Each structure stands twice: as C-alpha cells, then as structure tokens.
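Undergrad: Listed below are the residues making up each chain.
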Amino acid sequence: GAGVSQSPSNKVTEKGKDVELRCDPISGHTALYWYRQSLGQGLEFLIYFQGNSAPDKSGLPSDRFSAERTGGSVSTLTIQRTQQEDSAVYLCASSKRALEGSGGELFFGEGSRLTVL
Amino acid sequence: AQSVTQLGSHVSVSEGALVLLRCNYSSSVPPYLFWYVQYPNQGLQLLLKYTTGATLVKGINGFEAEFKKSETSFHLTKPSAHMSDAAEYFCAVSYSGGYQKVTFGTGTKLQVIP
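These protein sequence lines map, in sequence, to chains A and B.
1 is the number of the first residue of the first sequence in this note's numbering; add one for each residue after it.
1 is the number of the first residue of the second sequence in this note's numbering; add one for each residue after it.
No lab work stands behind these hints: they were computed from the structure.
On a predicted model such as this, the values are computed, not experimentally measured, just so you know.
Derived DEER-like restraints, expressed as beta-carbon distance ranges:
#, chain 1, residue 1, chain 2, residue 2, range
1, B, Gly8, A, Gly59, 21 to 29 angstroms
2, B, Thr77, A, Pro8, 33 to 41 angstroms
3, B, His82, A, Thr115, 31 to 39 angstroms
4, A, Ala2, B, Thr72, 32 to 40 angstroms
5, A, Gly16, B, Gly62, 44 to 52 angstroms
6, B, Val29, A, Ser53, 13 to 21 angstroms
7, A, Val12, B, Glu66, 42 to 50 angstroms
8, B, Gly62, A, Gln80, 41 to 49 angstroms
9, A, Gly72, B, Thr5, 28 to 36 angstroms
10, A, Gln84, B, Gln42, 21 to 29 angstroms
11, A, Gln84, B, Lys109, 19 to 27 angstroms
Facing chain B, according to a computed beta carbon distance under 10 angstroms, are these residues of chain A, among others:
#, residue
12, Gly3
13, Val4
14, Phe45
15, Asp56
16, Ser58
17, Ala93
18, Glu110
19, Gly111
Below are the DSS-like pairs computed for lysine-lysine, each with C-alpha atoms no more than 25 angstroms apart in a straight line:
#, chain 1, residue 1, chain 2, residue 2
20, A, Lys57, B, Lys101
21, B, Lys58, B, Lys101
22, A, Lys96, B, Lys101
Don't be surprised by glycine CBs; every beta carbon is placed ideally from N, CA and C.
Input sequences plus hints: build the corresponding full structure.
TA: If you want it as structure tokens, here you go:
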C-alpha cells in the first residue's frame with residue numbers, strides 16, 4: 001500500500017500476556033519510529049530505527065518493551081507481561097532521511113489501540 | 001538535546017475567530033519545525049513544516065506558522081476558525097543532522113464554538 005500500515009488496529013488482552021504490534025512502513029523510507037499516545041498525554045517517543053544504524057531505544061519505558069526491524073522494513077513492537085498502564089494507542093511512523101530533502105516529515109499509521117484488562 | 005513546549009493543552013475559539021496555538025522549541029542546532037494535526041479517531045498528518053528559507057510557511061486548510069529564531073517560537077495561526085478545525089495539534093522539532101529523531105510537544109486540543 002501507499003501508506004504506513006499497522007496491525008492489529010485494536011487489541012484487547014489480559015494483564016500478564018505478551019502482545020506484538022506490527023508496522024509496515026512506506027516503501028523506501030529508511031527511518032521508522034514508534035510512539036505511544038495515552039489518553040490525555042502527548043506523543044511519547046519509544047524507539048527509532050534509521051537504516052542499518054543501531055536503534056535509539058532511549059524511550060522504551062521498561063525492559064518489557066522491545067522492538068525489531070527486519071530487513072530494514074517491517075517492524076514489530078513487543079510488550080511482554082502487559083500491565084494496565086500499557087493501555088494506549090501505539091503509533092508507527094516512517095520517513096526518508098532529512099538529507100534526502102523531505103525535512104524529516106513523518107508519515108503516520110492509524111495506530112494500534114491496546115487495552116489491557 | 002531538543003525539546004518542544006506547547007502552551008495550553010486546550011484552546012477554545014469561536015467560529016470565525018483567530019486561531020493561535022503556541023509552540024516554543026529548544027535546539028542546539030538549526031531546527032526543522034513541524035505542525036501535525038490529528039482529527040478525531042484519525043492518525044496524524046502534516047499540516048506544515050519549516051526547514052530552511054522563508055520563515056513564514058503556509059500549510060493546508062489556511063494555517064500558517066512563522067519561525068522566529070530570536071523568540072525560539074513557531075506559533076500556528078489561522079485568521080478564521082472553522083468547525084472542521086476542531087482537532088489536536090502537535091508541534092514537533094527535528095534538525096538537519098544525519099540522525100534526525102523527531103520530538104513532539106504534548107499537543108493542544110482546539111475546540112471551535114459555533
């Protein structure tokens with residue numbers, strides 16, 4: 001597709017279960033971001049992938065959170081032993097590198113809404 | 001390190017009135033600045049951006065923003081609010097280095113009163 005695709009769009013899980021959220025970025029975009037948007041909060045940065053560089057994991061809130069990006073394309077965000085405070089909308093975005101003239105514009109997916117009961 | 005501060009988590013304006021959403025940034029290098037909009041139950045989309053050149057930038061739906069280096073500001077304005085402008089607006093900063101992590105503000109919800 002032409003845009004950033006995320007799945008599932010909605011996920012309800014029980015406390016303590018593991019969840020995986022998937023992001024398929026725009027073809028050719030080398031940068032991929034995960035953000036979390038909680039009710040009443042702004043966009044919380046989680047992790048950033050840029051090409052073959054080591055990812056910036058500085059925003060991951062705990063070691064229960066991890067993400068990988070395979071083949072420089074699809075990314076999976078994994079949350080282990082989910083807690084109720086993990087309930088949020090998880091947004092994925094992709095972009096070209098700034099040096100390629102896009103100015104770092106991000107293209108967002110529709111998000112994955114996670115509800116932990 | 002870079003950061004963005006949006007003043008006012010909620011702003012209400014009457015239909016037809018001026019919209020002014022405030023954004024101040026902190027960056028140790030020349031910034032790239034963005035405004036994104038999120039309509040209810042939708043994803044974020046780019047409203048406008050400043051990278052280099054003209055400091056007054058125009059975006060979609062009649063919005064514009066002016067980069068003021070001396071004030072480290074990038075406020076968003078629209079002369080006349082429409083009901084359809086009701087949304088959440090996010091200011092963001094990046095920079096022109098090779099690693100250009102984008103940092104967002106906490107967002108401002110705009111309510112338009114008929």
